[in-house]
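Enquirer: What follows is each chain in one-letter form.
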Amino acid sequence: MRFGIISFPGSNCEQDCIYIIEEVLNQKALLLDYRTIPELNNLIDCLIIPGGFSYGDYLRAGAIAKAAPIMKSIREFAENKGLILGICNGFQILTEAGLLPGTLLSNKAARFICQDVKLKVINNKTPFTNLYFEQEIITMPIAHAMGNFTVSESELEILKANQQIVLEYENDINGSTSQIAAICNKDKNILGLMPHPERCSEKVLPSGNQGLQLFQSILKSFVNV
Amino acid sequence: MMTYKEGKAKKLYWNGESETAQMEFKDAITAFNGQKQEDIKGKGLINSSISAKLFNFLNSKKIKTHYLKQVSSQVAEVKALQMIPIEVIIRNFAAGSVCERLGIEEGHKFSRPIIQFHLKNDNLNDPLLCESEILELKVLSNSDLKKIKNQTLIINWLLLHVFSQAAIDLIDMKLEFGFDTNHEIYLADELSPDNMRLWLRNTDSQNPDNFKKLDKDRYRQGLGGVLENYEFISDKLSEVLISPQDNLKTPVEINLFIYPQAGLLDPSGRTLTSSSKQLGFNEVENIKFGKCLTLKLSDLRVNLVEDLCERLLISPASESFEYEIIPSLGAV
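Residue numbers (the numbering used here), protein chains in the order written: chain A, 1 to 225; chain B, 1 to 332.
It should be emphasised that the hints constitute simulated quantities derived from the structure, not laboratory data.
Even glycine gets a Cβ: it sits at the ideal position worked out from N, Cα and C.
One or more of the hints may lead you astray.
[As the list claims (entries may be wrong)] Sample of chain B residues facing chain A (criterion: CB under 8 Å; computed from the structure):
1) L265
2) P267
3) L312
[Claimed, not checked] Every beta carbon over 12 Å from chain B, so not counted as near; a handful from chain A, in silico:
4) P9
5) Y19
6) Y34
7) K66
8) G82
9) T103
10) K120
11) N124
12) K125
13) E136
14) E155
15) N224
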C-alpha cells in the first residue's frame with residue numbers, strides 16, 4: 001500500500017509517520033511537498049497529514065495550511081473518496097479546510113498538554129479503526145495546545161446520527177465537546193484525531209503500541225477493497 | 001402615486017408598501033434652512049440628470065445605492081428604505097461652516113477626509129452630533145456606524161477621483177443612508193451640486209489660488225449663474241463617464257478587528273486576566289483576547305474583506321470581525 005505524507009513548513013511528525021509506514025508496516029511511504037499539486041489519485045492509496053506546527057500556528061492552528069498549493073490535490077483526493085488521516089495539526093488543518101466539521105480551540109486550561117490519555121473506541125466500523133473493538137479502552141499520547149474540539153449542539157447531533165464520532169477521551173482532558181478525540185466525515189474516508197498513533201506503534205515505546213492497530217486497520221481496509 | 005414626503009428640493013412618492021418609490025426633483029432652491037428660497041426653472045431637471053449619472057456610476061462600482069432607474073427626466077425610481085435620520089458630511093477641503101467653527105481658511109486641503117454627522121431634526125436646527133451622541137440616541141449601532149463611515153469614505157474616494165478627471169475638486173458633500181428590509185445599508189437621497197461643493201480647478205499658473213465655485217454656494221453667496229454652472233457639471237460628468245471607469249480603484253488601508261465570539265471559552269484572555277491580577281492590577285476584571293490586523297489593499301472591491309475573513313482570517317465558528325477604513329485622500 002502506498003502512503004503519502006505531507007510536509008508543511010512547521011510539520012514535525014512526518015519522519016515518525018514515514019518510519020512507521022516503512023519500518024513497522026513494510027509499506028511504501030512518499031513524502032509530499034506542500035508547494036506541489038500532485039495527482040494523488042494515481043500516486044497514493046492513503047494520505048497522512050502529520051502533526052506539528054504548520055506555519056508556526058500563525059493566525060490559528062492549521063489556518064494557513066489550507067491556502068497551500070497542495071490543498072487542491074487533497075480536495076480532489078477527498079472527493080474521490082481517498083483515505084485521509086489527519087493527526088493532531090493534521091486534524092486542525094482538515095477542520096480549517098472544511099473537510100471535517102467543527103473547530104479546534106485552545107485547551108480549556110490554556111496549557112500545552114503532553115501526556116498519555118485513555119481513549120474509548122466509539123466507532124470501529126471505519127477504515128481506520130476496524131481492528132479495535134467497540135468500546136475498547138486504548139492508550140495514546142497527546143501533545144497539543146489547541147485540542148478543544150468544539151461543535152454546536154445541532155452539529156453534535158449530526159455527528160452522532162452519522163456515527164462520525166470515532167474516539168472519545170475517557171476523561172475531560174481539554175474541554176472538547178462530548179470529550180471527542182477523533183471524528184470522521186460522513187463517508188468515513190477522512191479521519192482527524194488529536195492523539196498521536198505514530199508515537200505508540202512499537203512495543204519498545206513507553207506509550208505502548210496501541211496505535212499500530214490504527215495503521216493496520218487502514219491496511220486491512222485496503223486489502224479488503 | 002401618492003406623495004409620501006415633500007422636502008425643499010424633492011418630492012417622494014410612495015404608497016407605504018411597495019419595494020420602490022419615486023423621487024422627483026423640484027426647481028426650488030433654498031439656503032440657510034429655507035430662509036432664502038426661489039425657483040430656478042430647469043434646476044430640477046439638471047439635478048436629476050447629475051444625480052442619475054453619479055448613482056449609475058456608483059452602482060457600476062457595486063456600491064449599494066437606492067437608485068434603480070430613471071422614470072422620466074425629472075423622476076427617478078429608487079428602493080424604498082427605512083431612512084437613518086442622520087446627515088453624513090464628508091469634507092476633503094475646508095468650506096462653509098467648518099471654516100468658521102475651526103478658524104480654518106476656505107480651500108484648505110485636509111490631510112485626511114473629515115467625517116461629521118448631523119441629526120436630521122428641523123426643531124433642533126439639524127445639530128452636529130459626535131459619535132457617542134449617535135450611540136446614546138440609539139440612532140445607529142456601533143457596527144452600523146462603522147459601516148456607514150466605511151461606505152462614506154469609499155463613495156467619497158470614488159467621486160473625488162471621478163470629478164478630478166474633469167479638473168473639479170470635490171470639496172465636501174452630504175450623504176444620507178437608509179436600511180432595506182434585511183438591515184443592509186444603502187446610500188439614498190440625491191447626489192447633486194445642491195448637496196456637494198464642487199470647485200473648478202484653476203489652470204492659470206499666474207493665479208494658482210483662483211478657482212470657480214460650481215455648486216449651490218453660487219446661490220447661497222449670490223454669485224449668480226446657478227443653472228449654467230450646474231449644466232457645466234452635468235456636461236463634464238458626461239465627458240468623463242463616457243469611458244468606463246474600470247481603472248478607478250479604491251486603494252485603502254483598513255484595520256480589521258477579530259474578536260472571540262461571546263460565550264465561547266477564551267483561555268488566553270482568562271490567563272491574561274489572572275496574570276494582570278498577579279501583578280497587582282486587581283481592577284482587571286476580564287480581558288478578551290482578539291486580534292487586530294492592518295491590511296493594505298490595492299482595491300477594496302465589494303465583499304473582499306468579508307470573503308477573505310470567511311476563507312482565511314477568521315474561524316466563523318469561534319470568531320467575529322469588524323473593520324474600519326483608515327481615511328485618506330490619495331493624490332488629487
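Enquirer: Hints first: check each against the structure and report whether it holds.
Expert: Status of each hint after checking the structure:
1. L265: holds (6 Å)
2. P267: holds (3 Å)
3. L312: holds (6 Å)
4. P9: holds (17 Å)
5. Y19: Given that every Cβ of chain B is farther than 12 Å from that of Y19/A, nearest at about 33 Å, it holds.
6. Y34: holds (16 Å)
7. K66: Not fine: 8 Å to the nearest Cβ puts K66/A too close to chain B.
8. G82: holds (23 Å)
9. T103: Answer for T103/A: violated, closest chain B Cβ roughly 4 Å.
10. K120: holds (23 Å)
11. N124: holds (28 Å)
12. K125: holds (28 Å)
13. E136: holds (30 Å)
14. E155: violated (9 Å)
15. N224: It holds; N224/A is separated from chain B by about 36 Å at its closest Cβ, greater than 12 Å.
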